[in-house]
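Chemist: Throw the hints in and build the complete structure from the sequences for me.
2 protein chains.
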Amino acid sequence: MPTTTASRRREQAKFEYNAFLALCPTRQLLDSLSDKWVCLILAALADGPLRYSDLARQIAGVSQKMLTQSLRSLERDGLLIRTVTASVPVRVDYELTALGESLMPVVRAVKIWAETHMDEVLAARAAYDGEG
Amino acid sequence: MPTTTASRRREQAKFEYNAFLALCPTRQLLDSLSDKWVCLILAALADGPLRYSDLARQIAGVSQKMLTQSLRSLERDGLLIRTVTASVPVRVDYELTALGESLMPVVRAVKIWAETHMDEVLAARAAYDGEG
DNA sequence: CTGTATCCTGTTCGATACTG
DNA sequence: CAGTATCGAACAGGATACAG
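Chains X and A, in that order, give the protein sequences.
Taking my numbering, the leading residue of the first sequence gets -14, the next gets one more, and so forth.
Taking my numbering, the leading residue of the second sequence gets -14, the next gets one more, and so forth.
Rather than coming from a laboratory, the hints here were simulated on the basis of the structure.
Errors might be hidden in some of the hints.
[What the hints assert, rightly or not] Derived DSS-like pairs: lysine-lysine, alpha-carbon spacing no greater than 27 angstroms straight-line:
#1 X:Lys96 / A:Lys96
#2 X:Lys50 / A:Lys50
#3 A:Lys50 / X:Lys21
#4 X:Lys21 / A:Lys21
#5 A:Lys50 / A:Lys21
#6 A:Lys96 / X:Lys(-1)
#7 X:Lys50 / X:Lys21
#8 X:Lys(-1) / A:Lys21
#9 A:Lys21 / X:Lys96
#10 X:Lys(-1) / A:Lys(-1)
#11 A:Lys(-1) / A:Lys50
#12 X:Lys50 / A:Lys21
#13 A:Lys50 / X:Lys(-1)
#14 X:Lys21 / A:Lys(-1)
#15 A:Lys(-1) / X:Lys50
Modeler: Here it is in structure tokens:
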């Protein structure tokens, strides 16, 4: 059997797997959560609605661009709602939806594991880097 | 009060926040998990040890470079162990550590939420995109 | 078999400036 | 106040070739 066939089969498998991943719900969720700021926004909104500028102040490290972009993404996914109050100056509030709140236990699970075990991870890293 | 002072204060806050984030265990964990392949590797190893080529076959979409890179990262974090058997040809097995296994419930929590709610997210996306 | 090294492409993201 | 638009540097990540 020629090599070309085997390599073609591999490419085919890769293609199918990538198509599968594109549809895989877990991967899609992970893609959203992996955004650097998404979890921080969710956590900030867990205590109640906040205005744009409140978020910008609480999550001090984020750029305007990324904050807006992440908020849009979360809004699009139905995890939060954006309420514009047409006053002068305009006022925009962000609030978790029920769907967004249902995600919080997952975020908290991540947080709890991190706070419980991250020192072990850091120790492992130090040991690994030490050995060189 | 001159504007420069306010802007300097903002920069200072941003700097401090970024320093805080760099130390925040949750952020560090999220940074690891957000790697495209890490969760897939963890899931693949949840059922037992696998060889490099087994992983490459199961996670068909990954490039050699990223697979190796992700495995090294997980090894460094103490989540899996890499065992080299010096035969010809050489054989390398990867296996979750206790620490790695302790992370699995978190990964599963993400998976369960995704499988339960991702259709709502997709519906929200469709609605959002439809409105334009 | 299990990688490492290199090149090269697309994407991400911060900074900056501008708008309703 | 709450964004939008644009530019450029930095990085991620795939393809390919090579090595122990």
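Chemist: Next step is simple, just say for each hint if it's right about the structure.
Modeler: Hint-by-hint comparison with the structure:
The hinted pair formed by Lys96 of chain X and Lys96 of chain A meets the criterion: a straight-line CA distance of about 16 angstroms does not exceed 27 angstroms. In summary, the hint linking Lys50 of chain X to Lys50 of chain A is not supported, as the alpha carbons are separated by about 31 angstroms, beyond the 27 angstroms threshold. Simply put, Lys50 of chain A and Lys21 of chain X have alpha-carbon atoms about 23 angstroms apart, close enough for the 27 angstroms limit, and the pair holds. For the hint pairing Lys21 of chain X with Lys21 of chain A, the CA-to-CA distance comes to about 14 angstroms; that is within 27 angstroms, so the pair holds.
Proposed proximity of Lys50 of chain A and Lys21 of chain A is supported: the alpha carbons are some 13 angstroms apart, at most 27 angstroms. Proximity of Lys96 of chain A to Lys(-1) of chain X is assessed by CA-CA distance (about 22 angstroms); at most 27 angstroms being required, the pair is judged to hold. Straight-line distance between C-alpha atoms of Lys50 of chain X and Lys21 of chain X comes to about 13 angstroms, which keeps the hinted pair within the 27 angstroms bound. At roughly 15 angstroms between alpha-carbon atoms, Lys(-1) of chain X and Lys21 of chain A fall within 27 angstroms of each other, so this suggested pair holds.
With a C-alpha separation of about 20 angstroms, the suggested pairing of Lys21 of chain A with Lys96 of chain X holds against the 27 angstroms cut-off. Proposed proximity of Lys(-1) of chain X and Lys(-1) of chain A is contradicted: the alpha carbons are some 42 angstroms apart, above 27 angstroms. Note on Lys(-1) of chain A and Lys50 of chain A: the hinted pairing is violated, with a Cα-Cα distance of about 34 angstroms set against a maximum of 27 angstroms. With a C-alpha separation of about 23 angstroms, the suggested pair Lys50 of chain X and Lys21 of chain A falls inside the 27 angstroms cut-off, and the hint holds.
The hinted pair formed by Lys50 of chain A and Lys(-1) of chain X meets the criterion: a straight-line CA distance of about 15 angstroms does not exceed 27 angstroms. For the hint linking Lys21 of chain X to Lys(-1) of chain A, the alpha-carbon distance of about 15 angstroms falls within 27 angstroms, and the restraint holds. Restraint check for Lys(-1) of chain A and Lys50 of chain X: satisfied, since their Cα atoms lie roughly 15 angstroms apart, inside the 27 angstroms limit.
Comparing the model with each earlier hint shows violations of hints 2, 10 and 11; every other hint is respected.
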